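Trainee: What follows is the residue order along each chain.
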Amino acid sequence: KQEVTQIPAALSVPEGENLVLNCSFTDSAIYNLQWFRQDPGKGLTSLLLIQSSQREQTSGRLNASLDKSSGRSTLYIAASQPGDSATYLCAVCGTGGFKTIFGAGTRLFVKA
Amino acid sequence: DTAVSQTPKYLVTQMGNDKSIKCEQNLGHDTMYWYKQDSKKFLKIMFSYNNKELIINETVPNRFSPKSPDKAHLNLHINSLELGDSAVYFCASSQETGPDTQYFGPGTRLTVL
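Just so you know, the sequences run in chain order A and B. Residues 1 to 112 in the numbering used here are what the first sequence spells out, letter by letter. Residues 1001 to 1113 in the numbering used here are what the second sequence spells out, letter by letter.
Simulated from the structure, these hints should not be mistaken for laboratory data. Heads up, some of the hints might be wrong.
Far from chain B by the CB rule (all over 10 Å, computed), these chain A residues [said to hold, decoys possible]:
| # | residue |
| --- | --- |
| 1 | P14 |
| 2 | D67 |
| 3 | S69 |
| 4 | A112 |
Straight-line distance between alpha carbons at most 27 Å, and here's what the computed DSSO-like set of lysine-lysine pairs gives [as the list claims (entries may be wrong)]:
| # | chain 1 | residue 1 | chain 2 | residue 2 |
| --- | --- | --- | --- | --- |
| 5 | B | K1040 | A | K42 |
| 6 | B | K1041 | A | K1 |
| 7 | B | K1022 | B | K1041 |
| 8 | A | K99 | B | K1071 |
| 9 | A | K99 | B | K1009 |
Note that this is a predicted model, so its numbers are computed, not measured. Using N, Cα and C, we set each Cβ at its ideal position, and we do this for glycine too.
Work out the full structure: start from the sequences and follow the hints.
Mentor: As structure tokens, then:
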């Protein structure tokens, strides 16, 4: 049974700092891994999708890496801004292609 | 233009009532999902439909019945509501089943009194 864990559960950093969010999963037989952002009281916004054959994806100040063999992914945020404050969710899609398992999220607060 | 929309945004009701939440996507996607986010913010998949056919039912009580009248709509009907059903329910869609980016609706906050 796939389990997805995110560390840390919460993180507070000063503006401008580079930071790393971690995601680990127990079953390496995955189809893809997706990072989402959720703002309070809002839905989820997809940030990056990494297919199982890929090692990383980049979008602006965000970089996500995937190490399938070790069951880990990291989301790197460069030069953090107060607008980055949100909950970041990692989601793993199994090889059946149908079922997505979410981690509990990392709540990020960037102080101005 | 809203890609995935849900109605209502808020729903407050008494225990034992029956209620429905509607979801529509205008992205032309083949697959739609329902997720439940509980008070601890943990998001869990409930159902997945591909081309109007149910492909995932994650041990959800049979009081919950999804209905997909067409590919663009996936409604969630809940019978005999219980206190534990209080949560935020999210609808999502993707082009393919699983491998593609999922697009989420804004959520429906259900409160059962």
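Trainee: Going through the numbered hints above, which ones does this structure break? Give me the numbers in ascending order.
Mentor: none
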